[in-house]
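Engineer: Spelled out from the first residue to the last, the chains are:
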Amino acid sequence: MRIALTVNGARREVDDVWEGESLLYALRERMGLAGAKNACEQGECGSCTVYLDGLPVCSCLVAAGQAQDREVTTVEGLGGSSEDSGDEAELDPVQQAFVRCGAVQCGFCTPGLVVTTHDLIRRNPEPSDPEIREALAGNLCRCTGYEKILDAVRSAAAEVRS
Amino acid sequence: MDFLTPTTWADALAAKAEQPDAVPVSGGTDVMVEINFDRRRPPALLDLTRVPDLREWTHDDDGRVRLGAGVTYARIITELGRTLPGLAMAARTVGSPQIRHRGTVGGNLGAASPAGDSHPALLAADAVVEVASVRGTRQVPVAEFYTGVKRNALAPDELIAAVLLAPATGPQQFCKIGTRNAMVISVSAFGLALHPGRRAVGTGIGSAAPTPRPADEAAAFLAGELDAAGLWESRGPLPEGLAAEFGHRVRAAAAPIDDVRGTAAYRLHTLSVMARRAATWAWDEHRGADARRAA
Ligand SMILES: Cc1cc2nc3c(=O)[nH]c(=O)nc-3n(C[C@H](O)[C@H](O)[C@H](O)COP(=O)(O)OP(=O)(O)OC[C@H]3O[C@@H](n4cnc5c(N)ncnc54)[C@H](O)[C@@H]3O)c2cc1C
Ligand code: FES
Ligand code: FES
Chain F
1 MRIALTVNGA RREVDDVWEG ESLLYALRER MGLAGAKNAC EQGECGSCTV
51 YLDGLPVCSC LVAAGQAQDR EVTTVEGLGG SSEDSGDEAE LDPVQQAFVR
101 CGAVQCGFCT PGLVVTTHDL IRRNPEPSDP EIREALAGNL CRCTGYEKIL
151 DAVRSAAAEV RS
Chain L
1 MDFLTPTTWA DALAAKAEQP DAVPVSGGTD VMVEINFDRR RPPALLDLTR
51 VPDLREWTHD DDGRVRLGAG VTYARIITEL GRTLPGLAMA ARTVGSPQIR
101 HRGTVGGNLG AASPAGDSHP ALLAADAVVE VASVRGTRQV PVAEFYTGVK
151 RNALAPDELI AAVLLAPATG PQQFCKIGTR NAMVISVSAF GLALHPGRRA
201 VGTGIGSAAP TPRPADEAAA FLAGELDAAG LWESRGPLPE GLAAEFGHRV
251 RAAAAPIDDV RGTAAYRLHT LSVMARRAAT WAWDEHRGAD ARRAA
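Here the protein sequences line up with chains F and L, keeping their order. Under full-length UniProt numbering, think of the first position of the first sequence as 1, with each following residue one higher. Under full-length UniProt numbering, think of the first position of the second sequence as 1, with each following residue one higher.
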């Protein structure tokens with residue numbers, strides 16, 4: 001089937017979508033947006049987190065057809081430039097904080113954590129540690145031990161407040 | 001596979017009647033896992049997220065909340081925390097923020113897992129499930145909705161329209177045992193509601209029987225003891241040992257099994273502890289409300 005939706009501000013039409021296919025698969029394999037990662041395909045790890053109509057969701061659990069006419073923002077859509085220019089200045093403050101704080105090791109969890117953190121700080125620019133932990137409860141990282149990630153969230157929040 | 005996208009409730013019911021083996025998908029947090037893992041290849045998916053009626057909650061003529069089957073856990077928490085405190089407490093324990101943004105009570109009822117977290121809260125609040133088909137609408141008391149392990153009372157052409165719940169008139173509690181504080185399927189769970197207006201107690205047991213089930217004998221016992229001692233009116237302290245005895249009776253209502261998440265013995269133990277604590281907390285809150293009114 002064909003689906004049409006808005007991704008990172010641009011209207012996209014994709015053909016040959018299988019009816020049982022996830023939004024994650026459609027983004028990665030049909031739209032060339034490999035930011036959202038596929039790790040568990042069962043909602044446990046959060047590495048596929050994207051905004052769907054402004055809410056962070058696991059794109060592996062959204063049927064691609066359910067995204068018809070909806071608005072999706074992926075990690076590629078955060079920051080000043082939707083194209084990957086490689087220019088750090090154009091990264092979103094959350095992305096910059098993850099780089100600055102060394103919150104990235106293998107990087108597989110990072111896009112999901114960046115989207116989830118972006119959502120948290122947007123709603124609550126001064127999150128307490130328990131609030132950060134609660135907000136990130138759906139994002140697993142197998143490398144960092146989370147400390148640097150928590151640093152990055154605090155740092156990004158401070159940056160956004162200033 | 002077909003992908004059916006009704007935009008009205010009438011069209012959704014017509015689609016389900018025409019293709020009874022179409023699998024409804026709301027938040028997809030159960031259905032998509034099964035599809036991603038090749039456990040299910042339905043001939044059609046029936047997307048319900050475009051049916052506005054399902055995504056709304058209103059008050060019906062009897063003053064009950066009519067919670068559309070497609071209202072997400074996240075919205076129950078933010079919009080109905082005071083009106084339906086037990087269900088909102090249960091909703092806060094579901095999965096993660098991402099799961100709560102998509103998952104729905106309709107989907108929990110559709111899946112009818114004995115471990116579904118909304119069930120103990122729905123049972124304690126005497127919820128009624130409104131189901132519909134092109135043949136008409138019927139109301140099923142939630143305790144009768146669960147018919148077996150992951151089975152429910154829906155006919156092949158029926159869909160869940162809404163859940164009907166009276167706004168809380170007293171304290172409600174929800175307790176859940178899991179291996180961590182987020183993203184866990186419950187090992188056991190317990191829901192409690194005090195209904196001071198009719199001097200009744202509501203209960204719901206999760207993950208400790210083939211279906212979610214109430215502990216009716218325990219509930220009647222607690223309500224009766226409170227009544228006999230005039231405590232519903234006086235709001236005096238709970239008599240020594242009453243909450244513990246209630247816990248034992250809740251435990252007696254369960255029929256758990258050993259599985260990967262826990263043993264039957266542990267489930268029984270935790271149920272009696274959760275029921276004792278829930279009763280104590282709820283009664284303290286009931287008494288506190290009185291103290292606040294007096295002040
Ligand atoms: C990572 C993860 C964590 C989870 N954690 C929890 C948890 O802590 N507690 C918990 O209880 N559950 C949990 N779940 C399970 C799931 O999120 C819940 O059961 C949720 O309520 C399902 O709602 P949904 O809208 O996503 O359902 P869907 O997946 O869309 O549907 C579930 C079932 O209900 C049927 N259905 C949906 N809507 C209707 C309708 N209107 N009429 C008839 N049938 C319908 C579907 O056909 C399907 O059989 C978790 C799932 C995941 C992936
Ligand atoms: S890939 Fe979606 S949550 Fe893990
Ligand atoms: S950096 Fe490797 S999973 Fe998080």
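Some hints could be false.
Chain L regions said to be covered by chain F (calculated; three or more residues, Cβ under 8 Å) [what the hints assert, rightly or not]:
id	stretch
1	15-29
2	33-40
3	73-86
From the structure, some residues in chain L lie toward chain F, with a derived Cβ separation under 8 Å [what the hints assert, rightly or not]:
id	residue
4	2
5	7
6	45
7	269
Read the hints as simulated data drawn from the structure, not as lab findings. None of the values given here were measured: they were computed from a predicted structure. We treat Cβ as the ideally placed atom computed from N, Cα and C, and that holds for glycine.
Engineer: Would you mind marking each hint as holding or not holding in the structure?
Structural biologist: Hints, verified against the model:
Coverage of a stretch by a chain is defined here by at least three residues with a beta carbon nearer than 8 Å to that chain's beta carbons; for the stretch 15-29 of chain L and chain F the count is 4, and the condition holds. Requiring three or more residues with a Cβ within less than 8 Å of a Cβ of chain F, the coverage given for the stretch 33-40 of chain L holds, as 4 such residues are present. Counting residues of the stretch 73-86 of chain L whose CB falls under 8 Å from any CB of chain F gives 1; the rule of at least 3 is not met. For residue 2 (chain L), the shortest C-beta to C-beta distance to chain F is roughly 6 Å, which falls under 8 Å, so the interface hint holds.
With a least beta-carbon distance of about 11 Å to chain F, the hint placing residue 7 (chain L) at the interface is violated under the 8 Å criterion. Proximity of residue 45 (chain L) to chain F holds as hinted, the smallest CB-CB distance being about 6 Å (cut-off 8 Å). A cut of 8 Å between beta carbons decides the hint on residue 269 (chain L): the least distance to chain F is about 27 Å, and the hint is violated.
Consistency with the previously given hints fails for numbers 3, 5, 7, ordered from lowest to highest.
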